[in-house]
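Asker: Model the full assembly from the supplied sequences, consistent with the hints where possible.
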Amino acid sequence: MSDTDRTSVGGRRTVLRAALALGAANLAPPFIRAARGEQPVLIGLDNPLTGTYAAVGKNELAGCELAVSQINAKGGILGRPAELRVEDSTSGDAGTAVQKARKLIERDKVDFLLGNVNSALGLAMAQVSNEKGILHIVPGGHTDAITGATCHWNVFRVCNATQMEANAAAQQLIEKAGRKWYYITPDYAFGHTLQAALEKAAEKLGGTKAGADLAPLGTTDFSSFLIKAQAANPDVIIFLPQGDDMINALKQAVQFGLDKRFHLAGAQQELESLEGLPPEARIGSWVFEWYWKQPGVPHVAEFVEAIRKKTGKVPTARTWFGFVSTWSCALAAQSAKSLDPVKMAKALGGMKLPPEVALVPDQAFYRAEDHQFVASLFVGSAQASGADPEDLFNVARVVRGIDVAGRIEDSPCKLVWPG
Amino acid sequence: MLQLILFNVFNGLIVGAFYALMALGLSLIINLSGVINFAHGGFLALGAYLAYSLMPFVGFWGALVIAPFLTAALGLVVERVLIRRLYGRDPLYSLLLTFGLAYILEDVTRYIWGAQSLPYPIPPVLARPLSSQFFFLTGYRLFMVALVAAAVAALFVILRHTRLGMRIRAGTLDLETVSALGVNVRVLRTLNFGLGIYLAGLAGVLAAGMLGLQPTIGTSLIMPSFVAIIVGGLGSLPGTLLGGLLIGVASGLATVFMPSASEAIIYAMMGVVLLLRPRGLLGEEGRMQ
Numbered sequence: 001m002s003d004t005d006r007t008s009v010g011g012r013r014t015v016l017r018a019a020l021a022l023g024a025a026n027l028a029p030p031f032i033r034a035a036r037g038e039q040p041v042l043i044g045l046d047n048p049l050t051g052t053y054a055a056v057g058k059n060e061l062a063g064c065e066l067a068v069s070q071i072n073a074k075g076g077i078l079g080r081p082a083e084l085r086v087e088d089s090t091s092g093d094a095g096t097a098v099q100k101a102r103k104l105i106e107r108d109k110v111d112f113l114l115g116n117v118n119s120a121l122g123l124a125m126a127q128v129s130n131e132k133g134i135l136h137i138v139p140g141g142h143t144d145a146i147t148g149a150t151c152h153w154n155v156f157r158v159c160n161a162t163q164m165e166a167n168a169a170a171q172q173l174i175e176k177a178g179r180k181w182y183y184i185t186p187d188y189a190f191g192h193t194l195q196a197a198l199e200k201a202a203e204k205l206g207g208t209k210a211g212a213d214l215a216p217l218g219t220t221d222f223s224s225f226l227i228k229a230q231a232a233n234p235d236v237i238i239f240l241p242q243g244d245d246m247i248n249a250l251k252q253a254v255q256f257g258l259d260k261r262f263h264l265a266g267a268q269q270e271l272e273s274l275e276g277l278p279p280e281a282r283i284g285s286w287v288f289e290w291y292w293k294q295p296g297v298p299h300v301a302e303f304v305e306a307i308r309k310k311t312g313k314v315p316t317a318r319t320w321f322g323f324v325s326t327w328s329c330a331l332a333a334q335s336a337k338s339l340d341p342v343k344m345a346k347a348l349g350g351m352k353l354p355p356e357v358a359l360v361p362d363q364a365f366y367r368a369e370d371h372q373f374v375a376s377l378f379v380g381s382a383q384a385s386g387a388d389p390e391d392l393f394n395v396a397r398v399v400r401g402i403d404v405a406g407r408i409e410d411s412p413c414k415l416v417w418p419g
Numbered sequence: 420m421l422q423l424i425l426f427n428v429f430n431g432l433i434v435g436a437f438y439a440l441m442a443l444g445l446s447l448i449i450n451l452s453g454v455i456n457f458a459h460g461g462f463l464a465l466g467a468y469l470a471y472s473l474m475p476f477v478g479f480w481g482a483l484v485i486a487p488f489l490t491a492a493l494g495l496v497v498e499r500v501l502i503r504r505l506y507g508r509d510p511l512y513s514l515l516l517t518f519g520l521a522y523i524l525e526d527v528t529r530y531i532w533g534a535q536s537l538p539y540p541i542p543p544v545l546a547r548p549l550s551s552q553f554f555f556l557t558g559y560r561l562f563m564v565a566l567v568a569a570a571v572a573a574l575f576v577i578l579r580h581t582r583l584g585m586r587i588r589a590g591t592l593d594l595e596t597v598s599a600l601g602v603n604v605r606v607l608r609t610l611n612f613g614l615g616i617y618l619a620g621l622a623g624v625l626a627a628g629m630l631g632l633q634p635t636i637g638t639s640l641i642m643p644s645f646v647a648i649i650v651g652g653l654g655s656l657p658g659t660l661l662g663g664l665l666i667g668v669a670s671g672l673a674t675v676f677m678p679s680a681s682e683a684i685i686y687a688m689m690g691v692v693l694l695l696r697p698r699g700l701l702g703e704e705g706r707m708q
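Heads up: the protein sequence lines correspond to chains A and B, in order. Residue numbers for the first sequence follow the numbering used here, beginning at 1 and rising by one. Residue numbers for the second sequence follow the numbering used here, beginning at 420 and rising by one.
It should be emphasised that the hints constitute simulated quantities derived from the structure, not laboratory data. Be aware that one or more of the hints could be misleading.
Stated by the list, open to error - Cβ pair distances, simulated, as ranges:
#, chain 1, residue 1, chain 2, residue 2, range
1, A, K343, B, L693, 58 to 68 Å
2, A, L415, B, V428, 45 to 55 Å
3, A, R397, B, I424, 40 to 50 Å
4, B, L515, A, R261, 43 to 53 Å
5, B, S679, A, G133, 31 to 41 Å
6, A, T150, B, L592, 54 to 64 Å
7, A, E131, B, L421, 47 to 57 Å
What the hints assert, rightly or not - With the C-beta cut set under 8 Å, the calculated list includes, among others, these residues of chain B facing chain A:
#, residue
8, Q535
9, S536
10, P548
11, S639
12, E682
What the hints assert, rightly or not - To spell it out: a stretch of chain B is covered by chain A in this simulated footprint if at least three of its residues, at any positions, have a beta carbon under 8 Å from a beta carbon of chain A; those stretches are:
#, region
13, 430-437
14, 551-557
By construction, the Cβ of each residue, glycine as well, lies at the ideal position given by its N, Cα and C atoms.
Answerer: Okay, structure coming up:
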């Protein structure tokens, strides 16, 4: 009896030792790799993987991953392999996002920082990256300040500023839908700036405001907002919430039959949201920041194919944001021939992106003065389904980014370089 | 303006009925077992997603019937394996357990069905307004109110007129005596938990028809249910119903005057109730301690 006991204890110890050894073996490869002089160039992605923005965050991640594999297939960054380090920033907790950014910079010693979907988290991360002097690219946080009032020498942004989207959306709406607009706006930085931008753009074109309501972020029931909006009898009800909130608001508006009485529209729409809506609610006039169907634009079809192979779905604007951001890191290093953040930031400012990275009809570039990426915007309307079941947006017009970006002289951004 | 207010009161009652449905399940579990089930929203989401997966095979109506039962079955398993161990301990333990469970359920949903929102179609006959004047009265919303009314009525009949219901009510008042009288309290608690989770599943399926289907659907809907219970009064199911309706109307009316406060208003209401009448509007004295 006692013998068996001893054996079993010995057996357990063996298993424990084996487990420890396995754990140690897992730790070993990086050291060996380092010794071989192939230490990877690290790109840290601090973006939502859980919460409201999980779906868009994961699409940005897929774009980043594809870019990393392409970069490595073409010889890596300055001859070293590129490697992605991913952290979940959460969807709305700036404290966690900042803590993860610090972890990536201080412990993992990443060479580049990417993030965040949420504008507020992006702004908070930018403060950390600026303090640490790390090249930081914001793939998909739209609020103007990132490349406006609080711009930094080390921070670049791929998605559009809200004013750019508003300028692109306003003209089509005034022409097609009418001048009197009622806004349903999410009550946070992004919503406020987007509504202000639309009001400004509409005013120039003779549009008026029938009313506006701020809906708390995460509102599930929009019925009381819709009751109020229809009572004002506008030409257009403008929906500015994003993600799940957009889905809830549009779904309810269509169930109420408001699409038959008013024109429903907004400035920013995403494929992720249209996919979450039942076919009858895929309606309205919108702006897409990138769309997967661009007949005749070089390299887009290959990109769509590669993402379809990887995820089973077509790329969205979010996938493209991630892809362009990650490639921008490699291009900055190559152009600067260095991983020095200041040299890379100088190289990336004003850089024109090659067509296989830009994937848009117009010449895409980073504006040197405020580090805003300027490409193309796609204006059109949502559709229940096209020839392809994933073709949910009908592009009516492609607007050149430079035409809606506003004059750099009017920008509040003044880059201050170190030293 | 008057019309706007009336519309919002009416609409608020519809929304409130839905809050009440979620809150009733939660309330049942708190009352008998003293477990504050933070994972209620997770079960709600699970009910909705199960219905989504069942729909291609059994249709909208089939999914509406089956999914809540499947959710309840899962609730029974969770109760037997996890929650049962914590009865009689400080409520903090079960609070922490269900808090963790809520995260796990949300992530499991995301893992199985994906982070992307999914469209949940409802029969076209329900998906349109009944009149252009009262455009917010859609077939679906009326159907939902009718179903909530039926569920509430059934719940009250079960609690009043069946042996199980009487035991649950007796147990809510004094579990020790009920146990001493020979009632199997373990089984009673398990069944009661299942009943509560059934209501969560039902609310989930109904929510999916109104809102988008996303893994966070439970988390975003669960807070108003807690508020409904506190406003209505712990220990009182009619109180919970009243609480749900009240916060629905309050939130609707806030939109008329100060839309950005439409969410904050329900918490303000909770604060006022806690200050002036800590037991809640219809709650028993001493329950909150």
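Asker: Starting from the hint 43 to 53 Å, judge whether the C-beta atoms of B:L515 and A:R261 obey it.
Answerer: With Cβ atoms ~50 Å apart, the hint holds.
Asker: Using the Cβ atoms, figure out if A:R397 sits within 40 to 50 Å of B:I424.
Answerer: For A:R397 and B:I424 the Cβ distance comes to about 42 Å; the hint holds.
Asker: Quick check on B:E682 please, does its C-beta sit within 8 Å of some C-beta on chain A?
Answerer: 4 Å, holds
Asker: Under 8 Å between beta-carbons, do enough residues of the region 430-437 of chain B, three at least, approach chain A for the coverage claim to hold?
Answerer: holds (count 4)
Asker: So is the region 551-557 of chain B in contact with chain A by the C-beta rule, three or more residues under 8 Å, or is the coverage claim wrong?
Answerer: Answer holds; 4 residues pass the 8 Å Cβ test.
Asker: Tell me if the interface restraint on B:S639 is satisfied: Cβ within less than 8 Å of some Cβ in chain A.
Answerer: 5 Å, holds
Asker: For A:K343 and B:L693, compare the CB-CB distance with the range 58 to 68 Å and indicate the outcome.
Answerer: 59 Å, holds
Asker: Given B:S536 was flagged as interface, is its beta-carbon under 8 Å from a beta-carbon of chain A?
Answerer: Status holds, d = 3 Å.
Asker: Quick check on a hinted range of 54 to 64 Å for A:T150 and B:L592, using CB atoms only.
Answerer: 59 Å, holds
Asker: Given B:Q535 as an interface hint, is the shortest Cβ-Cβ distance to chain A below 8 Å?
Answerer: 4 Å, holds
Asker: Verify the CB-CB distance for B:S679 and A:G133 against the hinted window 31 to 41 Å.
Answerer: With Cβ atoms ~38 Å apart, the hint holds.
Asker: Taking the closest Cβ pair, is B:P548 under 8 Å from chain A?
Answerer: This interface hint holds because 5 Å falls under the 8 Å limit.
Checked against the numbered hints listed earlier, the structure breaks none of them; every hint is satisfied.
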